[in-house]
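Asks: Residues per chain are reported as follows:
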Amino acid sequence: MKNMAVCNYVISILGLLIGGGIMNAASEFPLEFTVNGPGPGFWPFSLGVALSAAALILFVYTFLHKEDLSQTRVALTLPANRRVYLMMAVIAVYCLLISLLGFYPASAVLIPIVMRLMDYHNKKVMAITTVCTIIFIYLVFGELLHTQMPQSVFWE
Amino acid sequence: MGDIASALSMIFIPANLLGLVFGVAVGIAFGCMPGLSVNMGLALLFPLAFSFDGIGGILMLLGIYCGAIYGGSISAILLKTPGTPASVATTLDGYPMAAKLKQPGRALGLSTMASTFGGIFSTVCLILLAPQLAKLALQFSKPEYFALAIFGLSIITSVSSGSVIKGIMGGLIGLFLATVGIDDMSGKIRFTMDTTYFLGGVSFIPILIGVFAFAQVLGSIEEYYHNERSEQHMTIDKVLPSMADMKRVFATLLRSSCIGTFIGCVPGTGGDIASFVSYDQAKRWSKHKDNFGNGEPEGIVASESGNNAVSGGAFIPVLTLGIPGDGATAIMMGALMVQGLQPGPLLFIEKAPDVYAIFIGLLLANIVMGILGFSLIKLFVKVVNVPIHILLPIIIMMTFVGTYSYNNSINDVYLMVASGFIGYFLNKLGFSMSAIIIGIILGSMAEQNFVGSLIMSDGSFSIFYTRPLCLFFLVIACLSLLSPFIGSVIRRMQRK
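Top line first, the protein sequences correspond to chains A and B.
Position 35 of the first sequence, counted from 1, bears residue number 34 in numbering that gives the first Met the number 0, the numbering being contiguous throughout.
Position 226 of the second sequence, counted from 1, bears residue number 225 in numbering that gives the first Met the number 0, the numbering being contiguous throughout.
These are calculated hints, taken from the structure and not from any lab test.
Note that the Cβ used here is the ideal one computed from N, Cα and C, for glycine as well.
Any given hint could turn out to be false.
Lysine-lysine pairs mimicking DSBU-like chemistry, simulated, CA-CA at most 30 Å apart [what the hints assert, rightly or not]:
id: 1; chain 1: A; residue 1: Lys122; chain 2: B; residue 2: Lys246
id: 2; chain 1: A; residue 1: Lys65; chain 2: B; residue 2: Lys381
id: 3; chain 1: A; residue 1: Lys123; chain 2: B; residue 2: Lys495
id: 4; chain 1: B; residue 1: Lys377; chain 2: A; residue 2: Lys122
According to the in silico footprint, chain B covers these stretches of chain A (three or more CB under 8 Å from chain B) [to be verified]:
id: 5; stretch: 11-22
id: 6; stretch: 53-67
id: 7; stretch: 78-84
id: 8; stretch: 116-126
id: 9; stretch: 139-152
With the hints as constraints, model all of the structure from the sequences given.
Replies: This is how it looks when you write it as structure tokens:
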């Protein structure tokens, strides 16, 4: 558990960094006004300035209201969050598996894992859900809409 | 008349009608399942919309939009868990009627009737008012459009329920993302990180699906860690409202539909506000004040007609001015833009048949919603009980398939996943996803008209405050931006 004040300080710093980054990247383009209006860097540079200003305001606001904001808890390390992080890792691996195995085999692996991660143990229902979902996607997207889902690199 | 005939010929194609009915059914299903939302439904089926020819995909999305607002009432009545925020007020009398009075069918029937009436009423208002407003908006030039874009962006403060400053930061990030790719004015390539993938700009659809659908799935996984969702086992009797009920609620129905339509027209509001205001007014004017909270039919009708009436009202600023009022209308506006229909007054001249097709489509969506609501309510009641551990893996799969099928690009899938991961944390930290999406959608409109205005004025900023309409919208935008701060100052002064 973190409190919102700490989170806001981190967001402010990140906002300042991103705002500065945008200004820096935008300054590589012309900023000056010509007969063709402001240069292509002007608008994004202004957005960078505005983002930095908003981040600064958030920092000052948090400093002024730190006691109130400290009461608001932000759950980031609870077991429920850890389950989400695990799910994120599974999804990241799934993204790799799509390229390696192809979409349908990778999905056949993913669906039961997601159900298992959600504390579901009935293997019969897991199998039925997996098969039905994949058949549905194949029929609707593969056959009806002619979407060529990613193939395995080994097939290619 | 020719335009209307063209619109009818666009709509009355079997595939398009099927898309509309499918959209309404899916929308009701999304609305009635707690944890799923209107935005999620729209985002998930957004790519599918482009599989249809012409206006068919837009009709499907219209169906989802209408159906999901109504669907929220089903779980609100049966489970006391509103499927969407717009249905919170429905629980106040809907659940007592279903559970205490043992009349779930009556409650569902009243909500179906009220939702249908509210939706149709507001669509008729849209048909009558939008062309008039569009005529007025035809006088607009680049400075006015820039001011409108700023006004549209200013509603970020209203859609940011967590923190206004974070909402603004999200909107600015959205605006920056809209600058990636080839600059339309100068032809320069900006912020593409030397990849060809970003040359055409940051793809809107993967981000949309990521922040509205994938991030919400991750949030649901966290939410249901401890909580098992409650199930309902009520027997649904007859759902058609009786004449006695109709007489009792008719005035409330009309009043709430007017309130909902008006609130819908105001960018930054939404169904939740409309339903509570309608409920409050119904209670104030009712002869049965004491019965509110105990299963009062007027209470159900007020909130449901109020929140569904928002649908037509919300399309007035979207179609005439190109300003989305909330996340759902931002998605709808994105869909129109991707289909080559740039919302704004010129749409009424250049693509009049399409505009009429949208009007008629919205009207049909509400009628279909009523028909499906009355005839298939027992089926939708079963949908409420679909276990979350079956639902979420299917939705995860749909986010991947939907994203990939739009462009057949695996990079889009990676972008969607990244947006979903970031969106999960941003949601927890009080950022508004709608603000980011509104920023992306209005970004190019704001920049192009800003640059265009300055070219018109030879670089003088005076163009923004010497044109009355432009100044008007900029002042309104400033007031809208500052309204949360002004509101808190007034409340503090009142307390003192």
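Asks: With reference to the structure, classify each hint as holding or not holding.
Replies: Comparing the hints with the structure gives:
With a CA separation close to 53 Å, the supplied pair Lys122/A and Lys246/B exceeds the 30 Å bound. Among the hinted pairs, Lys65/A with Lys381/B is inconsistent with the structure: their alpha-carbon atoms are about 47 Å apart, more than 30 Å. Our distance criterion of 30 Å between C-alpha atoms is broken by Lys123/A and Lys495/B, whose separation comes to about 64 Å. A hinted pair counts as satisfied when its Cα atoms are at most 30 Å apart, and Lys377/B with Lys122/A qualifies at roughly 29 Å.
With 3 residues having a Cβ less than 8 Å from any Cβ of chain B, the stretch 11-22 of chain A passes the three-residue criterion, so the hint holds. Using a Cβ-Cβ cut-off of 8 Å, 5 residues of the stretch 53-67 of chain A lie near chain B, which meets the minimum of three, so the contact claim holds. Check result for the stretch 78-84 of chain A against chain B: holds, 5 residues qualifying (beta carbon to beta carbon below 8 Å, three or more required). Check on the stretch 116-126 of chain A: 5 of its residues sit with their Cβ under 8 Å from a Cβ of chain B, so the three-residue criterion for coverage holds.
For the stretch 139-152 of chain A, the proposed coverage by chain B is satisfied: 6 residues have a C-beta within less than 8 Å of a C-beta in that chain, meeting the threshold of three.
Of the numbered hints listed earlier, those contradicted by the structure are 1, 2 and 3.
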